[in-house]
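Asks: Residue numbers (this note's numbering), protein chains in the order written: chain W, 1 to 112; chain P, 1001 to 1112.
Keep in mind that the hints were calculated from the coordinates and are not lab data.
Owing to the predicted nature of the structure, the values given are computational and were not obtained by experimental measurement.
Hints are supplied without guarantee of correctness; some may be wrong.
Claimed, not checked - Restraint-style ranges between C-beta atoms, simulated for each label pair:
id, chain 1, residue 1, chain 2, residue 2, range
1, P, K1111, W, K18, 32 to 40 Å
2, P, G1029, W, E17, 45 to 53 Å
3, W, R14, P, A1065, 45 to 53 Å
4, P, A1112, W, K3, 40 to 48 Å
5, W, D26, P, A1104, 26 to 34 Å
6, W, G97, P, E1066, 35 to 43 Å
7, W, E79, P, S1028, 32 to 40 Å
8, W, S7, P, K1111, 33 to 41 Å
9, P, H1019, W, R108, 30 to 38 Å
10, P, H1019, W, E17, 45 to 53 Å
To be verified - One side of the interface only, derived from the structure: several residues of chain P facing chain W at Cβ under 10 Å:
id, residue
11, G1029
12, Y1032
13, H1034
14, S1041
15, P1044
16, V1047
17, R1058
18, S1061
19, A1065
20, Y1087
21, I1089
22, R1091
23, F1098
24, F1109
Stated by the list, open to error - In silico DSSO-like links for lysine-lysine, alpha-carbon gap of 27 Å or less:
id, chain 1, residue 1, chain 2, residue 2
25, W, K53, W, K3
26, P, K1069, W, K71
27, W, K3, W, K55
28, W, K71, W, K57
29, W, K53, P, K1069
30, P, K1003, W, K57
31, P, K1099, W, K55
32, W, K70, W, K57
33, P, K1003, P, K1111
34, W, K57, W, K3
35, W, K57, W, K18
36, W, K18, W, K70
37, W, K53, W, K70
38, P, K1069, P, K1003
39, P, K1099, W, K57
40, P, K1099, W, K3
From the three backbone atoms N, C-alpha and C, an ideal C-beta is built for every residue, glycine too.
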Amino acid sequence: DVKVTQSSRYLVKRTGEKVFLECVQDMDHENMFWYRQDPGLGLRLIYFSYDVKMKEKGDIPEGYSVSREKKERFSLILESASTNQTSMYLCASSIPGSSPLHFGNGTRLTVT
Amino acid sequence: DAKTTQPNSMESNEEEPVHLPCNHSTISGTDYIHWYRQLPSQGPEYVIHGLTSNVNNRMASLAIAEDRKSSTLILHRATLRDAAVYYCILRDVGTGGFKTIFGAGTRLFVKA
């Protein structure tokens, strides 16, 4: 089974801090994704990557950046955390095309 | 990007079949229909996907309308463990499946 591991389940940070959310997948998938999930809004795509060092903006990239230095690892960076970035963050991976997305169990980030 | 429409919630009795509907009237020829479910405190889990023909797997069945503008996820015998939020999404193989849009999904309640 594909495993997508997010480094933290819960994280509490202060406004203005730089925050790193890490995601690792073990199935050599080319594609990796970062979503955030908020009540009533479903999952919204922040960034995705289709190869090492390649990244594309999703629907809500403002306030975020990403890094993919190795194929198995995709990091989401909040340059200066704000309270409106309090959310559940979900990482996913897949092979290209129509194949299933495989999700991690999420990181619930609270910014105070 | 094509979107999907699902009822906000549905209720079922345990051990009865459940039919979860999804409308996707703007589907394109290269969109695959995917279903995921999300249990509390977990990331979404892949259930099933298809393009034109009906599909069966150990978890569920997927019935796709002939014009592909709607589909139905069928759980043959609901159990309490099937209580979750079910998402119907479209993955466009023509664009690599990157910009996959999730709606709010259907929350399924299962009564014992």
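Asks: The structure should be examined with respect to each hint, and the outcome stated for every one.
Replies: Hints, one by one, checked against the model:
1. In this structure the supplied range 32 to 40 Å is violated for P/K1111 paired with W/K18, their Cβ-Cβ distance being about 47 Å.
2. Against the hinted window of 45 to 53 Å, the Cβ-Cβ separation of P/G1029 and W/E17 comes to about 46 Å, which satisfies the hint.
3. A hinted range of 45 to 53 Å for the beta carbons of W/R14 and P/A1065 is consistent with their spacing of about 51 Å.
4. Roughly 32 Å separates the CB atoms of P/A1112 and W/K3, a value that falls outside the hinted 40 to 48 Å.
5. Distance hint check: the CB atoms of W/D26 and P/A1104 are about 31 Å apart, consistent with the given range 26 to 34 Å.
6. The hinted window of 35 to 43 Å between W/G97 and P/E1066 is violated, with their beta carbons roughly 24 Å apart.
7. Between W/E79 and P/S1028, the C-beta spacing of about 36 Å keeps the proposed range 32 to 40 Å intact.
8. Against the hinted window of 33 to 41 Å, the Cβ-Cβ separation of W/S7 and P/K1111 comes to about 38 Å, which satisfies the hint.
9. A beta carbon spacing of about 33 Å between P/H1019 and W/R108 agrees with the range 30 to 38 Å that was offered as a hint.
10. Between P/H1019 and W/E17 the beta carbon distance is about 47 Å. The supplied range of 45 to 53 Å therefore holds.
11. The closest approach between the C-beta of P/G1029 and any C-beta of chain W is roughly 12 Å, which is over the 10 Å cut-off, so the hint fails.
12. Against a cut-off of 10 Å between C-beta atoms, the interface hint on P/Y1032 holds, since the closest Cβ of chain W lies about 4 Å away.
13. A hinted interface residue such as P/H1034 counts as satisfied when its beta carbon comes closer than 10 Å to some beta carbon of chain W; here the least separation is about 7 Å, so the hint holds.
14. Because the beta carbon of P/S1041 sits about 7 Å from the nearest beta carbon in chain W, less than 10 Å, this interface hint is met.
15. Checking P/P1044 against chain W by beta carbon gives a least distance of about 5 Å; that is within 10 Å, so the hint holds.
16. Because the closest C-beta pair between P/V1047 and chain W is about 9 Å apart, less than 10 Å, the hint holds.
17. Checking P/R1058 against chain W: minimum C-beta separation of about 14 Å lies over 10 Å; hint violated.
18. Checking P/S1061 against chain W by beta carbon gives a least distance of about 16 Å; that is not within 10 Å, so the hint is violated.
19. Interface restraint check: P/A1065 against chain W, minimum CB-CB distance 18 Å, threshold 10 Å, status violated.
20. With 10 Å as the threshold, the beta carbon of P/Y1087 comes within range of chain W, its nearest partner Cβ sitting at about 8 Å, so the hint holds.
21. The closest approach between the C-beta of P/I1089 and any C-beta of chain W is roughly 9 Å, which is under the 10 Å cut-off, so the hint is satisfied.
22. Given hint, P/R1091 at the interface with chain W, holds; its Cβ is 5 Å from that chain's nearest Cβ, closer than 10 Å.
23. At a threshold of 10 Å, the smallest CB-CB gap from P/F1098 to chain W is about 5 Å, leaving the interface hint in force.
24. Taken as an interface hint, P/F1109 does not check out: its beta carbon lies about 17 Å from the nearest beta carbon of chain W, beyond 10 Å.
25. About 21 Å separates the Cα atoms of W/K53 and W/K3, which keeps this hinted pair within 27 Å; it holds.
26. A distance of roughly 36 Å separates the Cα atoms of P/K1069 and W/K71; the hinted pair therefore is violated under the 27 Å criterion.
27. A threshold of 27 Å between alpha carbons decides the hint, and for W/K3 with W/K55 the separation of about 21 Å falls inside it, so the pair holds.
28. With a CA separation close to 18 Å, the supplied pair W/K71 and W/K57 stays within the 27 Å bound.
29. For the suggested pair W/K53 and P/K1069, the alpha carbons sit about 37 Å apart, so the restraint of at most 27 Å is broken.
30. Using a Cα cut-off of 27 Å, the hinted pair P/K1003 and W/K57 holds, with the two alpha carbons roughly 19 Å apart.
31. Our distance criterion of 27 Å between C-alpha atoms is met by P/K1099 and W/K55, whose separation comes to about 12 Å.
32. Restraint check: the Cα-Cα separation between W/K70 and W/K57 comes to about 19 Å, which is no more than 27 Å; the hinted pair holds.
33. Restraint check for P/K1003 and P/K1111: not satisfied, since their Cα atoms lie roughly 30 Å apart, outside the 27 Å limit.
34. Between W/K57 and W/K3, the direct Cα distance comes to roughly 24 Å. Compliance with the 27 Å bound is thereby established for this hinted pair.
35. About 20 Å separates the Cα atoms of W/K57 and W/K18, which keeps this hinted pair within 27 Å; it holds.
36. With a CA separation close to 21 Å, the supplied pair W/K18 and W/K70 stays within the 27 Å bound.
37. Between W/K53 and W/K70, the direct Cα distance comes to roughly 8 Å. Compliance with the 27 Å bound is thereby established for this hinted pair.
38. Restraint check for P/K1069 and P/K1003: the C-alpha separation of about 11 Å stays at or below 27 Å, so the hint holds.
39. For the hint linking P/K1099 to W/K57, the alpha-carbon distance of about 10 Å falls within 27 Å, and the restraint holds.
40. For the suggested pair P/K1099 and W/K3, the alpha carbons sit about 22 Å apart, so the restraint of at most 27 Å is met.
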